[in-house]
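Quick mapping for you: the protein sequence lines, in order, are chains F and B. All the letters of the first sequence, read from the start, carry residue numbers 1 to 336 under the numbering used here. All the letters of the second sequence, read from the start, carry residue numbers 1 to 336 under the numbering used here.
Please keep in mind that the hints were generated in silico from the structure rather than gathered at the bench. Any given hint might turn out to be false.
Heads up, the list lumps identical chains together, so a pair's fine if it works in one copy or across two of them.
[What the hints assert, rightly or not] As a list, the in silico BS3-like pairs of lysine-lysine whose alpha-carbon atoms are at most 25 Å apart:
1) Lys268 - Lys142
2) Lys167 - Lys297
3) Lys199 - Lys331
4) Lys268 - Lys252
5) Lys331 - Lys205
6) Lys82 - Lys111
7) Lys297 - Lys111
8) Lys14 - Lys252
9) Lys82 - Lys268
10) Lys199 - Lys268
11) Lys82 - Lys199
12) Lys199 - Lys142
13) Lys111 - Lys268
14) Lys82 - Lys252
15) Lys205 - Lys268
Protein chains: 2
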Amino acid sequence: MITNRQIVLAGRPKGMPGLEHFRFVDAPLPEPALGQALVRTLYLSVDPYMRGRMNEGKSYVPPYPLNEVISGGSIGQVVESKHEGLKPGDLVSGQWGWQQYATANAARLSKIDTNLAPITTSLGVLGMTGLTAYFGLLDIGKPQPGETVVVSGAAGAVGMVVGQIAKIQGCRVIGIAGSDEKIAYLTEELGFDAALNYKTEDLPKALAESCPLGVDVYFDNVGGAVSDAVLSLINTGARIPLCGQISLYNLKEPDVGPRVQTQLLINKALMKGFIIGDYASRFPEGITQLAKWVTGKQIRYAENVVQGFENTPQAFLDLFSGENIGKQLVKVADPE
Amino acid sequence: MITNRQIVLAGRPKGMPGLEHFRFVDAPLPEPALGQALVRTLYLSVDPYMRGRMNEGKSYVPPYPLNEVISGGSIGQVVESKHEGLKPGDLVSGQWGWQQYATANAARLSKIDTNLAPITTSLGVLGMTGLTAYFGLLDIGKPQPGETVVVSGAAGAVGMVVGQIAKIQGCRVIGIAGSDEKIAYLTEELGFDAALNYKTEDLPKALAESCPLGVDVYFDNVGGAVSDAVLSLINTGARIPLCGQISLYNLKEPDVGPRVQTQLLINKALMKGFIIGDYASRFPEGITQLAKWVTGKQIRYAENVVQGFENTPQAFLDLFSGENIGKQLVKVADPE
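Construct the complete structure from the given sequences, taking the supplied hints into account.
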């Protein structure tokens with residue numbers, strides 16, 4: 001008998017999460033109702049924002065309930081369909097999360113066009129991460145040709161797309177990341193004008209040298225002292241999309257630093273948090289444009305695929321070690 | 001012989017400014033060139049933002065040069081005109097600042113319509129301070145009926161107008177100020193729903209009680225710990241116009257506190273600095289609307305008029321003692 005292996009939230013971490021906060025359970029294979037399909041998971045997405053949902057309090061999105069499946073982006077193949085728009089074998093993406101099988105209403109599943117790009121891109125550059133970069137940078141950051149754009153977490157799944165879109169817009173682009181391997185990747189492979197290792201360089205000094213005309217857009221994935229350094233260099237009229245604050249997600253103490261208000265005030269600057277769900281009505285526009293750039297090789301991407309469903313919690317935890325480049329995925333099964 | 005008594009910047013303060021940072025000088029009466037008028041000052045404006053211009057570094061606007069007249073809003077009467085649009089006796093406002101006489105191009109002078117309201121309002125509720133409240137609140141804060149609006153520095157010239165416009169928009173309005181006299185004025189005279197004394201109350205607790213539905217708009221004139229308390233209560237989609245940070249202007253040490261980014265991020269909130277000059281093309285719209293509200297008694301205002309040009313520096317310094325209610329002016333002369 002086939003069971004549906006799932007990963008549920010076993011506890012709410014204080015500070016850094018660990019394997020003990022997740023539990024594997026075996027559930028019966030679900031039955032699709034009318035209008036639904038049963039899908040078999042091929043790939044799972046693990047993302048930094050999930051850390052916020054492990055807390056009880058308010059975050060971008062509601063907290064994960066205890067003892068329920070961790071939801072998130074997934075790719076799968078239809079096994080059984082009770083909707084005319086889907087047939088067995090179809091490749092789909094959805095939000096069914098960390099489980100080997102799921103049933104979902106057809107409307108909650110998106111068919112993947114494998115002519116555009118490899119299927120894994122629908123969880124990355126042509127999925128939520130790419131769209132987050134696209135709308136956060138273009139809609140809030142509004143980069144103009146010749147402007148200087150700084151992105152933190154630049155070698156992450158979102159950051160690397162942000163930097164490349166900013167290059168396409170004609171900007172000078174500086175990435176901040178945490179290893180020399182990432183720095184080399186950003187400048188040598190992705191065309192960033194400069195990239196700075198915040199762990200080994202004097203960041204305020206290196207940034208000042210790399211941004212002689214100041215900073216017009218700061219796309220922030222990281223927060224903390226890295227952001228303090230960038231914010232000290234913003235120009236009049238700067239725009240600061242807040243996408244993530246990964247350096248802070250696992251802090252046990254309140255995050256304290258120089259208050260930003262004076263710097264925003266004297267520069268008439270804008271800082272805005274956003275989540276990609278707010279742009280849902282414009283996803284088709286974003287995916288179409290991103291797909292053009294990807295197929296035209298104007299945007300390159302990196303994926304790091306961990307093999308095996310059982311390694312999902314560790315793949316998630318590894319996001320916080322700062323070693324991954326690009327989109328972190330878990331491969332659960334091959335398509336049939 | 002008539003001389004033109006002026007006040008120039010004598011030095012750049014570190015921390016709180018004092019009388020020693022200003023110097024009185026006597027200059028010859030200027031001669032208007034073709035297209036100019038000679039005006040005699042009747043009232044001067046002293047404003048918190050001027051503190052920023054006393055520093056060497058970047059602020060809203062360029063620093064005041066040493067040994068030059070402190071510029072700022074003024075009201076005067078035309079003494080001599082070499083422009084057909086102005087004649088002796090006309091009442092005008094402009095930016096000629098802290099001096100008893102000035103020449104200015106006619107285009108830089110605005111005739112005051114004394115049918116609308118007393119002439120002093122053209123430096124206050126119908127001048128820069130009213131416009132700052134109007135555009136900062138409506139254009140950045142975008143208050144919606146039923147929302148909760150909090151304003152700090154609520155008994156100041158800008159804050160009191162912000163709160164009243166928010167009431168006109170149908171919002172619940174909470175003011176924060178620093179004396180029981182101000183608190184009483186805000187609730188009893190201006191119709192604020194609540195006002196909190198940050199010096200005597202437990203502000204986080206009092207705010208939570210006064211804002212049971214959270215905070216949708218925070219119009220910030222003050223910064224520092226007062227803002228920390230308000231920001232902990234913002235709702236999803238909150239808007240935070242940054243107008244001033246008066247609690248910080250005279251600090252000698254860097255301003256440190258809880259970083260706001262996580263709070264902005266999880267609430268998808270917007271924080272934006274602005275200066276009123278950016279809205280210059282829309283001033284007529286703002287003044288027309290403000291004048292309607294003032295003449296209709298929907299907006300009331302307070303002015304605190306110090307007598308005598310020689311008291312200008314002290315009137316400016318008193319802005320930082322936190323005791324003034326409403327717009328601080330200096331009366332220099334009566335109209336003829």
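Going through the hints against the structure:
Taking the closest pair of Cα atoms, Lys268 and Lys142 come within 25 Å of each other both inside a single copy (15 Å) and across two copies (17 Å). Proximity of Lys167 to Lys297 under the C-alpha cut-off of 25 Å is restricted to the intra-copy arrangement: shortest distance 13 Å within a copy versus 54 Å between copies. Taking the shortest Cα distances, Lys199 and Lys331 never come within 25 Å of each other, neither inside one copy (31 Å) nor across copies (58 Å). Taking the closest pair of Cα atoms, Lys268 and Lys252 come within 25 Å of each other only across two copies (23 Å); inside a single copy the shortest separation is 33 Å, beyond that limit.
For the homomeric pair Lys331 and Lys205, neither the shortest alpha-carbon distance inside one copy (41 Å) nor that between copies (49 Å) is at most 25 Å. Taking identical chains as interchangeable, the C-alpha atoms of Lys82 and Lys111 lie at most 25 Å apart only when both belong to the same chain, with a minimum of 15 Å there against 75 Å between chains. For a Cα distance limit of 25 Å, the shortest separation of Lys297 from Lys111 inside one copy, 23 Å, qualifies, whereas the shortest one across copies, 61 Å, does not. For the homomeric pair Lys14 and Lys252, the shortest alpha-carbon distance inside one copy (7 Å) is at most 25 Å, but the shortest distance between copies (36 Å) is not.
In this homomeric assembly, Lys82 and Lys268 never come within 25 Å of each other (Cα to Cα): the closest approach is 55 Å inside a single copy and 38 Å across copies. Taking CA atoms no more than 25 Å apart as the test, Lys199 paired with Lys268 passes in neither setting, with 30 Å inside one copy and 29 Å between copies. In the homo-oligomer, the alpha carbons of Lys82 and Lys199 never lie at most 25 Å apart, since the shortest distance is 53 Å inside one protomer and 65 Å across protomers. In this assembly of identical chains, the alpha carbons of Lys199 and Lys142 never lie at most 25 Å apart, being 29 Å within a copy and 41 Å across copies at closest.
Proximity of Lys111 and Lys268 under a CA criterion of 25 Å is satisfied in neither setting, with 44 Å inside one chain copy and 30 Å between copies. With identical chains, the CA atoms of Lys82 and Lys252 are never at most 25 Å apart, being 47 Å at best within one copy and 69 Å at best between copies. With identical chains, the CA atoms of Lys205 and Lys268 are at most 25 Å apart within one copy only, with a shortest distance of 24 Å there and 31 Å across copies.
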